[in-house]
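*Asks:* These are the residues of each chain, in order.
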Amino acid sequence: MTCNEAEILLHAFLDGELDAGHAREIEGHVATCPRCAAALRVYGELRAAMSRSDLRYVAPDSLRARINGMFPAATPRASNRWTLFNSFMLGSALSATAAASLMFAVVRSDQDQMIAGELVSAHLRSLQAERLIDVHTSDQHTVRPWFNGKVDIAPPVVDLAAQGFTLVGGRLDFIDGRAVAAIVYRRGGHVINLFVTQGSSFGRGSTLKTMHGFNVKLWSEQGLYFGAISDINADELQEFEEKFEAATR
Amino acid sequence: LSPNDGRERFETVVAPYLADAHAYARWLIRNRADAEDVVQEACVRAFRAIDQFSGSNGRAWLLTIVRNTAFTWLKEKRAEALVSMDGLNESERLAVERGALLESSTSPEGEMIAAADADELERHIAALPTEFREVLVLRDMRGLDYREIARITGAPIGTVMSRLARARSMLRTAWLATEGQPI
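Here the protein sequences come in this chain order: E and Z.
Okay, so the first sequence: first residue is 596 according to the working numbering, each after it adds one.
Okay, so the second sequence: first residue is 2 according to the working numbering, each after it adds one.
Honestly, the hints are just simulated from the structure, not real lab data.
Be careful, since some hints might not be right.
Said to hold, decoys possible - If you want the footprint, here are the derived chain E segments under chain Z, 3+ residues with CB under 8 Å:
hint, segment
1, 605-614
2, 633-645
As the list claims (entries may be wrong) - Derived list of chain Z stretches under chain E, where covered just means 3 residues or more per stretch with a C-beta under 8 Å from a C-beta of chain E:
hint, segment
3, 23-33
4, 39-46
5, 119-127
6, 131-141
7, 163-177
We put the beta carbon where it would ideally sit given N, CA and C, even for glycine.
Whole structure, please, built from the sequences with the hints as guidance.
*Replies:* So, in structure tokens, the structure goes:
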């Protein structure tokens, strides 16, 4: 490979976009060409500097409010099972039969909402004393093997301390009656629980919800399903997903 | 599609990516208030077209709409802002190409870039021609992959790659020039 070819392909290599064959060629070239090796290092630094959060414009709440205000208000719908359960327990006008069928309808029609509810419960449980972490370490190579034999997947575990999300450990948890891996991160004083499973009950596609004041982000990637939950704001949780995906790609 | 269904589709397909839409528009338009107007306009367009969206990548879909809206705005309000790659003159083109030759393997350039303050970096990025700037923003700040960027910008992947290479090279050259660092 010549330096001219390497000049363009270096970037694709850096971005993880090269196939294995070309990536090996770049590695081979860089190993023998100090100039291209230096270029690769510099572009890596440049990229890191650009991904720092102070260059990322944060969407102001006023913009979100403006956009929400553009639409005719949606008819309020029953938000979740917990509300229904409360109204039932409080002796509301709903008969037991009506409540049961309504609950069934809500659960059926909104699987994501149900999973989000389960994630909120698991998150709250984890915040109670001594339940947050089973394996305490910021070493990704300790957390990942710890899950061997405990869950039916090898969850991707990456330390994102350099990106502002510190890995603090892992935990075995249960969502929808199924053992899932919970990977725990901190951002400042905030805890982020990242649940990983291969159960498809998490739903496909990427969604962001707010529930009981927590933000819940669901997404799927390469056959695994992820649910991140925290009290950090929606933009930061979105950023967490991006950083996590970028680091595991 | 009932208004309620449209609203719900909007909440799942579009709303999660408002942060991306805002940052992309902000970097294209380079003015806070105008960028917010563009995002709002793009959201109106997305809402109207929401029943035509059938794919799985809401982010790329929304950003395509943001781009169209922003470029329409730029054409109307600031014709001069749209410098395409072909619009570079010979000396600029040489500067871009020579950028790659400027370093030596012993230069501590990387550390200097890492230490550069965000304002300065922002100024250099803002000074790049629009089509270079946007690939940097989409790739390096918002983390989109080449395929998504190709789809959003309507350019082949090869073009995305070369624009990204040249954008980063221009950025490095510009940064070194103002720093007055020995080369």
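*Asks:* Evaluate each hint against the coordinates.
*Replies:* Outcome of the hint check:
Residues of the segment 605-614 of chain E lying with their CB closer than 8 Å to a CB of chain Z number 5, which satisfies the three-residue condition for coverage. Counting residues of the segment 633-645 of chain E whose beta carbon lies closer than 8 Å to any beta carbon of chain Z gives 12, which reaches the threshold of three, so the coverage claim holds. For the segment 23-33 of chain Z, the stated coverage by chain E holds: 4 residues have a C-beta nearer than 8 Å to a C-beta of that chain, and at least 3 were required. By the rule of at least three residues with a Cβ nearer than 8 Å to a Cβ of chain E, the coverage given for the segment 39-46 of chain Z holds, with 4 such residues.
For a cut-off of 8 Å, the count of residues in the segment 119-127 of chain Z with a CB near a CB of chain E stands at 4, and the three-residue condition holds. Coverage of the segment 131-141 of chain Z by chain E holds. Counting CB-CB distances below 8 Å, 3 residues qualify, and the rule asks for three or more. For the segment 163-177 of chain Z, the stated coverage by chain E is satisfied: 6 residues place a CB nearer than 8 Å to a CB of that chain, which reaches the threshold of 3.
Of the numbered hints stated above, none is contradicted by the structure.
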